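Letter by letter, the chains look like this.
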Amino acid sequence: MYDVIVVGAGHAGCEAAHIAAFMGKKTLLVTANIKNLADMPCNPSIGGSAKGIIVREIDALGGLMGKVADKSHFQIKMLNNSKGPAVRALRAQADKRVYPKIMREYLDNTPNLEIKEGMVENLIVEDNKIKGIILEDNTKINASCVVLTTGTYLNANILIGSENTPGGPHGERRSNNLSFKLKDLGFTIKRLKTGTPQRIKADSINFDELKPEEGDKVYWTFSFDLKPQYDINRQQKCFLVYTNEKTHEIIRNNLKKSAMYGGYATGVGPRYCPSIEDKIVRFADKKRHQLFLEPESVYYDEWYLQGFSTSMPRDVQEQMVHSLKGLENANIVKYAYAIEYDAIDPMQIGPSLETKVVEGLFTAGQINGTSGYEEAAGQGLIAGINAALKIDNKEPLVLKRSEAYIGVLIDDLVTKGITDPYRMLTSRAEFRLLLRHDNADVRLTQKAYDINAASKEKYQIFKDKMQHIEDLKSLLKENRLIITDEVKKDFKERNISIPSGNFNYLTLLKRPEITMELISHYLDLSKYSHEECEQVEIEYKYEGYIKKEYQEKEKLDKLEEKQIPEDIDYSKIKNIASEARQKLSLVRPKTIAQASRISGVNPVDISLLLIYMKKEYGKDASK
Amino acid sequence: MDDTICAIATSLGVGAISIIRISGSKAIEVTNSIFSNKIKTNETHIIKYGHIINDNEIIDEVLVMVMRAPKTYTVEDVVEINCHGGYETTNNILRILLNKGCRLAEPGEFTKRAFLNGRINLLESEAVNELITAKTSSKRKLALNQIGGNLTKLIKDIREDLVSLMANIEVNIDYPEYTDNLEITNNLLNEKLVEISKKLENLVKGAKYGKIVSDGIKVAIVGKPNVGKSSILNHLLDEQKAIVTDIAGTTRDIVEGSISLNGIEVLLIDTAGIHDTEDIVEKIGVEKSNQALNDADVVLLVLDGSQNLDADDQKLIDLIKDKTHIIFINKSDKDIKVDIKDDNLVIGNTKDINGLDSLKNKLIEVFNINDINKDLTYLSNARQIDLVNKANDSLIRAKDSLDQNIPIDMIESDLKTCFDLLGEIIGDTYEEAVIDRLFKDFCVGK
Numbered sequence: 013m014y015d016v017i018v019v020g021a022g023h024a025g026c027e028a029a030h031i032a033a034f035m036g037k038k039t040l041l042v043t044a045n046i047k048n049l050a051d052m053p054c055n056p057s058i059g060g061s062a063k064g065i066i067v068r069e070i071d072a073l074g075g076l077m078g079k080v081a082d083k084s085h086f087q088i089k090m091l092n093n094s095k096g097p098a099v100r101a102l103r104a105q106a107d108k109r110v111y112p113k114i115m116r117e118y119l120d121n122t123p124n125l126e127i128k129e130g131m132v133e134n135l136i137v138e139d140n141k142i143k144g145i146i147l148e149d150n151t152k153i154n155a156s157c158v159v160l161t162t163g164t165y166l167n168a169n170i171l172i173g174s175e176n177t178p179g180g181p182h183g184e185r186r187s188n189n190l191s192f193k194l195k196d197l198g199f200t201i202k203r204l205k206t207g208t209p210q211r212i213k214a215d216s217i218n219f220d221e222l223k224p225e226e227g228d229k230v231y232w233t234f235s236f237d238l239k240p241q242y243d244i245n246r247q248q249k250c251f252l253v254y255t256n257e258k259t260h261e262i263i264r265n266n267l268k269k270s271a272m273y274g275g276y277a278t279g280v281g282p283r284y285c286p287s288i289e290d291k292i293v294r295f296a297d298k299k300r301h302q303l304f305l306e307p308e309s310v311y312y313d314e315w316y317l318q319g320f321s322t323s324m325p326r327d328v329q330e331q332m333v334h335s336l337k338g339l340e341n342a343n344i345v346k347y348a349y350a351i352e353y354d355a356i357d358p359m360q361i362g363p364s365l366e367t368k369v370v371e372g373l374f375t376a377g378q379i380n381g382t383s384g385y386e387e388a389a390g391q392g393l394i395a396g397i398n399a400a401l402k403i404d405n406k407e408p409l410v411l412k413r414s415e416a417y418i419g420v421l422i423d424d425l426v427t428k429g430i431t432d433p434y435r436m437l438t439s440r441a442e443f444r445l446l447l448r449h450d451n452a453d454v455r456l457t458q459k460a461y462d463i464n465a466a467s468k469e470k471y472q473i474f475k476d477k478m479q480h481i482e483d484l485k486s487l488l489k490e491n492r493l494i495i496t497d498e499v500k501k502d503f504k505e506r507n508i509s510i511p512s513g514n515f516n517y518l519t520l521l522k523r524p525e526i527t528m529e530l531i532s533h534y535l536d537l538s539k540y541s542h543e544e545c546e547q548v549e550i551e552y553k554y555e556g557y558i559k560k561e562y563q564e565k566e567k568l569d570k571l572e573e574k575q576i577p578e579d580i581d582y583s584k585i586k587n588i589a590s591e592a593r594q595k596l597s598l599v600r601p602k603t604i605a606q607a608s609r610i611s612g613v614n615p616v617d618i619s620l621l622l623i624y625m626k627k628e629y630g631k632d633a634s635k
Numbered sequence: 391m392d393d394t395i396c397a398i399a400t401s402l403g404v405g406a407i408s409i410i411r412i413s414g415s416k417a418i419e420v421t422n423s424i425f426s427n428k429i430k431t432n433e434t435h436i437i438k439y440g441h442i443i444n445d446n447e448i449i450d451e452v453l454v455m456v457m458r459a460p461k462t463y464t465v466e467d468v469v470e471i472n473c474h475g476g477y478e479t480t481n482n483i484l485r486i487l488l489n490k491g492c493r494l495a496e497p498g499e500f501t502k503r504a505f506l507n508g509r510i511n512l513l514e515s516e517a518v519n520e521l522i523t524a525k526t527s528s529k530r531k532l533a534l535n536q537i538g539g540n541l542t543k544l545i546k547d548i549r550e551d552l553v554s555l556m557a558n559i560e561v562n563i564d565y566p567e568y569t570d571n572l573e574i575t576n577n578l579l580n581e582k583l584v585e586i587s588k589k590l591e592n593l594v595k596g597a598k599y600g601k602i603v604s605d606g607i608k609v610a611i612v613g614k615p616n617v618g619k620s621s622i623l624n625h626l627l628d629e630q631k632a633i634v635t636d637i638a639g640t641t642r643d644i645v646e647g648s649i650s651l652n653g654i655e656v657l658l659i660d661t662a663g664i665h666d667t668e669d670i671v672e673k674i675g676v677e678k679s680n681q682a683l684n685d686a687d688v689v690l691l692v693l694d695g696s697q698n699l700d701a702d703d704q705k706l707i708d709l710i711k712d713k714t715h716i717i718f719i720n721k722s723d724k725d726i727k728v729d730i731k732d733d734n735l736v737i738g739n740t741k742d743i744n745g746l747d748s749l750k751n752k753l754i755e756v757f758n759i760n761d762i763n764k765d766l767t768y769l770s771n772a773r774q775i776d777l778v779n780k781a782n783d784s785l786i787r788a789k790d791s792l793d794q795n796i797p798i799d800m801i802e803s804d805l806k807t808c809f810d811l812l813g814e815i816i817g818d819t820y821e822e823a824v825i826d827r828l829f830k831d832f833c834v835g836k
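So the protein lines, in turn, are chains A and B. All residue numbers for the first sequence refer to our numbering, where the first residue is 13 and numbers rise by one. All residue numbers for the second sequence refer to our numbering, where the first residue is 391 and numbers rise by one.
I should point out that these hints are in silico values taken from the structure, not numbers from a laboratory. A quick note: this is a predicted structure, and the numbers were derived from the prediction, not measured. One or more of the hints may lead you astray.
[To be verified] Facing chain A, from chain B, some residues (calculated, C-beta under 10 Å):
{"hint": "1", "residue": "463"}
{"hint": "2", "residue": "550"}
{"hint": "3", "residue": "554"}
{"hint": "4", "residue": "559"}
{"hint": "5", "residue": "568"}
{"hint": "6", "residue": "569"}
{"hint": "7", "residue": "591"}
{"hint": "8", "residue": "594"}
{"hint": "9", "residue": "597"}
{"hint": "10", "residue": "786"}
{"hint": "11", "residue": "787"}
{"hint": "12", "residue": "794"}
{"hint": "13", "residue": "795"}
{"hint": "14", "residue": "800"}
{"hint": "15", "residue": "801"}
Backbone N, C-alpha and C fix where the C-beta goes; we use that ideal spot for every residue, glycine too.
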């Protein structure tokens, strides 16, 4: 008998199992093939725009992804530096061999956690409550809570051209019965699709023809707790590749042979990560598309051809790849494929990631309709935390949209549902000036510590940083820049307008052209880390904008406080549009704010809902 | 919202016919309880003849219009009783309906229901109110244009511009590695901001017309006694007796009357204290009168052309010179002795039949009245104008930030604000407070 069983050891499963065990719950992680633990079946990278901020949030909450990535990447850079502090995000090329190894080390060192190999084919459910799992050899294992993180393995099929092979990535076996069981239990099953591009043998690539892309010459870490674990000068390069007219012609001529356009696939693919044939069809007037060659591992000689995902048959793939400059003689080690898999309708899940259908059953990752390692890990972490909290009869951790990208992600899933695999984008967050890379710890670490998800050591690092920041602010406030002739000369040389008086540094920092770097020429800041300086700078320089967004957040918080009674009967609200009625009944939003975000529920419907609540439940109902 | 409401839909007072509108789930049941010619379950969108009977007493002979949901104004069952006009009869029927379980509609409640039931959008529901209170044909057109959605379309187009700009910025942020995409540089963004801001400014500029169309032009007439002010008034009003109405102005001013100039209502206001007083300047100096001048869209100063300017005239000229004004020199039959220069100076004669043409033409010129009728897509109320101004402010803020090299992620939040504010105008953005406030301004009956 376990407290928590986690099914699947991908990015969601590892986080869920680790955190539940860390929070003191006797946890079992079951995976069909232990060799694939924390596998990266697609791109060899962690982070990216918005996703990099999710990794920071995972770290701030006590998760592992940031630390593991820090210890396993061979290139890292900060994206969007010029576009502003709110949209900056880290992206690392993670080593596909090292990453799983480090993750395994972390899990092996987690008390209360057992890892077991086995294919889960059934669930034990009594009175709509989860009781445990059943393996294919009929072994029954009981638990109070089960977290399903099945990734792409539910009823999976691999598609290459007209070939359709049952199985998951790497030709692994799929789970055949679990999705039928879920359907029996009352879940709506969706068929989704994703894909992965070719892997090319290193010595067959003519790198001289390609433009290299290097890592940053500044040290970065995802984790708030780790010092950089790499040598800035020993980072690996990636390379830029372009498609050309010939490539496009090959694709157009063979379109019907692809699984997608030939009608061999039924799943819905991700809009934000289209296959190359999709790109050619949808953007017919584009003369070229960008591709990237990324090394998979320093231990392998395979390169990942990002952006070239396709479901064309192998012979066409050969032609396509060979049409690319620099890849004329490329040796394709693994062909690109599309994969179809089953997922559930995330509107059947609550904001804690516990399903509304079976009590004690949680789901996270691709089974909930998302795509991406980071999105999966973020959900896995929350599902693991909430499984542990549930066992202790504690309130679940539900992050608000104004608190974390993970909050936006889960709220979008459970409120709006999905039509195609969901990828996080910065534009999905309406409060992104608040949800920054630099302040993930400020937003989340206290919360994590309060529920025992973050360790004492982590918390101490956080507290120390906060103290440093306060000290730094005082230092900046108490000292003035005296405008001497020397300062005047310096400012003139830097083409910065000279302040009209001897202001304190905190005031000066509000000027766009005055940076912490500049201040460090006049004031000794050596005691403070780059991150601490950066956070103070952002806070003061963009105070106006951040405050404005904060006010917006407070407005939304008020709507979030307007609770909708749990027993509300939407069929009794007159005149509400039938689509709105249907969606409201399905989602059963907890607050007016959540209700107003459901697609198909219009402002008018919200007005009607409020009127009904006032009438039916009195003034107290929606205070 | 499931109670049944009723109200007198026609204006109160004596008329040949009055209409009582009933809306709600019990509209037909209640009507049947007092109507001799029972409405059958399959009958809808028909007119039925019969009598209103209460306690075996025939109250009136009526026509009853039956419209079952959903194809009605409120999307509920609606019945309209066309009864004989007159205070007693109409109110009697209304009282009976209230006794039978209907509730008296709150101001604007029918339209509120139309809005809440998704029949019309916010802008349209405002326009309905304006249509009802429209006094001139232009104002009707303006209101109808809003109901038809011309303004909605205009606002939507501007929002569309914003969305495509924001989408491009988002692509740059979310897919930074794809450098082949069009990059929104500071220069490009600046260009776009200027372009969109200009559209908003034009909307606000146009709003001036909207205000003129919906509120009319207030003309305050000033001048010493016996320079021909009354003659001007009478002359203008006499010409168009048919549409002269005596309205007590909503402000402290006395509106002597109104005329329609190319479809635009011109309200003639006699500023307080100008008549029959020796010490004009002292009177004008009174704050109240000053206020009247300030409220006016244009001040019409009348001078007697046969007299040299005296000190009082000069003081009046000084008083109006910074306001929108027209100086009318009343020529009589004599030579003109007044010698002043002013861009808006016209010479006319109250004794001639066409003697005021010059004044009317000047009004048309000053307010571009001839341009107004071409395209009646204007913002017409303070709420809309305020929102467009605020929306434009956020673009101006974005431009300022851009000049200061503030990064694009911050600036984009200004674009989002602009987008939301414009959404509020057409009701695409959810603002509970706005909706509540809006419906309080509505008239009874619609």
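With a cut-off of 10 Å, does the beta carbon of residue 568(B) approach a beta carbon of chain A closely enough for the hint to hold? Given a least distance of 5 Å, the restraint on residue 568(B) holds.
Chain A contact restraint for residue 559(B) - C-beta distance below 10 Å: 8 Å, holds
Given hint residue 787(B) near chain A, where the shortest CB pair must fall under 10 Å: Given a least distance of 9 Å, the restraint on residue 787(B) holds.
Taking 10 Å as the limit, does the beta-carbon of residue 550(B) come near enough to a beta-carbon in chain A? 17 Å, violated
Residue 800(B) was flagged as interface toward chain A. Is the shortest Cβ-Cβ separation under 10 Å? 4 Å, holds
Residue 569(B) as an interface hint toward chain A, with CB separation required under 10 Å: With a closest approach of 7 Å, the residue 569(B) hint holds.
Do the numbers back the hint for residue 591(B), that is, is its least Cβ distance to chain A under 10 Å? 23 Å, violated
Tell me if the interface restraint on residue 594(B) is satisfied: Cβ within less than 10 Å of some Cβ in chain A. Not OK, violated: residue 594(B) not within 10 Å of chain A, min 23 Å.
Verify the interface restraint on residue 463(B): the C-beta must sit less than 10 Å from at least one C-beta of chain A. 14 Å, violated
Hint check: is the beta carbon of residue 801(B) less than 10 Å from a beta carbon of chain A? 8 Å, holds
Hint check: 10 Å Cβ-Cβ cutoff, residue 597(B) to chain A: Where the cut-off is 10 Å and the nearest Cβ of chain A is about 24 Å from residue 597(B), the hint is violated.
Quick check on residue 795(B) please, does its C-beta sit within 10 Å of some C-beta on chain A? 5 Å, holds
In this structure, the earlier hints numbered 1, 2, 3, 7, 8, 9, 10 are contradicted, and the remaining ones agree with it.
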